[in-house]
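The listed protein sequences correspond, in order, to chains R and P. So in the working numbering, the last one in the first sequence is 521, and the numbering has no gaps at all. So in the working numbering, the last one in the second sequence is 320, and the numbering has no gaps at all.
Read the hints as simulated data drawn from the structure, not as lab findings. Be careful, since some hints might not be right.
Claimed, not checked - Straight-line C-alpha distance at most 25 Å; calculated SDA-like pairs for lysine to any residue:
1) K101(R) with W254(P)
2) K319(P) with S242(R)
3) K211(R) with S242(R)
4) K250(P) with T107(R)
5) K131(R) with K319(P)
6) K494(R) with S242(R)
Everything numeric in this text was worked out from a predicted model, so none of it was measured.
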Amino acid sequence: MNEKIKGGRHNSVAPSIELINISKAFGAVKANSNISMQIAQGSIHGIIGENGAGKSTLMSILYGFYKADKGDILIDGSKVNITDSKDAINAGIGMVFQHFKLVENFTVLENVILGVEGGQLLAPSISKARKDLRALAKEYELNVDPDATIDSLGVGLRQRVEILKALYRKARILILDEPTGVLTPAEADHLFRILNNLKKEGKTIVFITHKLREVMEITDTVSVMRQGEMTATVKTSETSPSSLAELMVGRKVLLRVEKQTSAPGNTTLEINNLNVIDNQGVQRLEDISLSVRAGEILGIAGVAGNGQSELLEVLGGITEASGSIKINGKEIALRGNEANGQSRRLQGIAHVPEDRQHLGLIMEFEAWENIALGYHNSEDYQQNRFLMSNAKIKTDAIRKMEQFDVRPNNVTLSTKGFSGGNQQKLVLSREIERNPDLLLVGQPTRGVDIGAIEFIHQQLIRLRDAGKAILLVSVELEEIMSLSDRIMVMFDGKIMGEKTPTETNEKELGLLMAGINGDTN
Amino acid sequence: MEFLVLIQVLDSALRLAVPLLFCSLAGLFSERAGIFDIGLEGKILIAAFFAAATASVSGSVWVGLFFGISASMLFSLLHGLASITFRGNQLISGVAINFLAAGLTVLIGQSWFKLGGRTPSLSGNARFSEITLPFADNVSNVPIIGPIYSELLSGHTALAYLAILMVPISWYILFRTRFGLRLRAVGENPAAVDTAGISVIQLRYLAVIICGLLCGLAGAYLATGLAAGFVKDMSAGRGFIALAALIFAKWRPWHILSATLLFGLLEAISNRFQNIEILGIILPTQLMQALPYILTVIILAGFVGKATPPLAGGVPYIKE
């Protein structure tokens, strides 16, 4: 089944990593079944697959978090037994996790030496690390202030600290799990430069991602995983994004969103001079003014943490603000008792929050209960003046779940039993089917499989074509560019500029996202 | 005369601060490693009981110290077992330990000594004797410096001096050694420690054992240094006051010294001055005696600045 890469064998050196028939099951679920692959030394190897395809399990086995039920791991041709992270480090494997494993109130140096201090006292190890870090920074463009504490660093720099940690431990193999998820395009470019530098020095890099574009850009070879199996390993130069997508999902996938040009109507949402100062006195939103018309999607691009969340929260009635917001010409309350989610719903605003597991759903509830959440007072859910009707809600839930293709189609299943994509479909079905005038959507496809992404995008376009206004916030630039009719970029609580998707490109938006205003537009 | 009273109050404050200091440092090691310990109180109590009981039976304070520390460490391991190995709720485990200690001490005490839960009064070698610092008697007549040296600094038990010494030692261990770095890391982000190839479980157990050791010293001092025997519930909330001092000090050793001295001073004042007249109003004894506890409530309610506990505190570590 595997198309073997022969490169490694030709060089007559053993592959850097070789996996032979790795299998791992959790109960009845086969997370990995008979995974075999070889990665040549000094290459960048991509592993792609949907959520739950088994990528993370495989990497956890390599880093000693789980023990494989069967199969062998060979590093540089010799068999190794990895039972914990220490074994992995000793075998020369370094891992950069998606969620960084850094101690936030420690300095960069302290984080780097943790576990490899070399002596009972800290002072000598710190001065040694300081010297080594300087050398590494020079060699690989990995500059970080060694005395800065982690909590003062942005995500891009934190990631560099993780890479430095691995290199300081003399890692020859570097595994990166979804490394670009939180980076700006410029930061991602810098990361790719670092990875290429590492490759030149003979390091082997394993790059796990679900972004096809990145796989095409940076990797030499790529393996595709689906449902715990490795479905193919190919040379990147001999494949294409669409064939990789097909291998990932098992069927043909539309990578571009199919849509007509929009026909916007009257102004639905009008925001003037919106300001938010949080309780620490930090200005989160500064003089935001924008409008969204019926039948159009306004996309808000930006790196996470630049005020997009606060904008959604103010509109959703979660955060208080000053300024003015009008819905269909009518002013809505920004402070006090009237500024809450319930009154916002009555004013025709529906909200699909960024963090669906905390703000959108109660994970312990059954699916039908979450379908009613926030709309539990609505007429059609009541039995009489005093009681609500569970039967009516369930009937409604069955209909909505069918319409949004939520799988499994079981209204009494606990919400945490659904996959990320299906949880998102539950929220979407609840909010969209109420026919709001304005839909707020934050990170609609975060943690969602490719197959479900396609469906969710189609639903948003359908709502737009039904003449509704949509405010879309996403850190995925591709998503913003393919869905939006207009794009605004936010940086540091301000709007940096507005662009038309057909007349801009990722580079231009990337500069705005980094706070650099190129023109006077 | 006034000056001598001040020296005496300060001397008493120092004595009363010693168990709080030991106990607060115990909490420091445990909480810096991410194990919240509301069971400090119970550990002091069980240590006080076993220290007094075995000292009374054997006639040696050192035997008492050994068994007091052992009992406290055993309770610590119980807390460790519940919260590290079985990943239980650390608050519940702590509360359980407090109840267990309160009940066990009286039960065993009664069946052992038949004194209604007390132990017999200790004297001679069964108590810690006071150490007179060199030249203390010679300089006592020198004005100002004399009384400070001979009354305030001299004449405490070995444990009291050890307690003060434990402050720089704790600071050095936590902030200047490899063990300290790892211990603080495991309280902030155990995943970082785990992925660095260090055992989270081992580190946390070590922290909990150190906590038991220090609580044992606090309890032994209480029953065989400060008092002369064990009395039912003699810890009298000191474990909680130590916890308040720990939070007040924001989990830093030197600040713990100041915080516990402050609590000691309040207790000393309330012991010394039964009625205080301020602006013609006589403050009742009860109010004076409640002072340390009132301050505890104020601190725990968060009125004294923002105290950020170790990030991973109270959360059992589960590998993802």
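| When the hints from earlier in the document are held up against this structure, which numbers fail? | 1, 2, 5, 6
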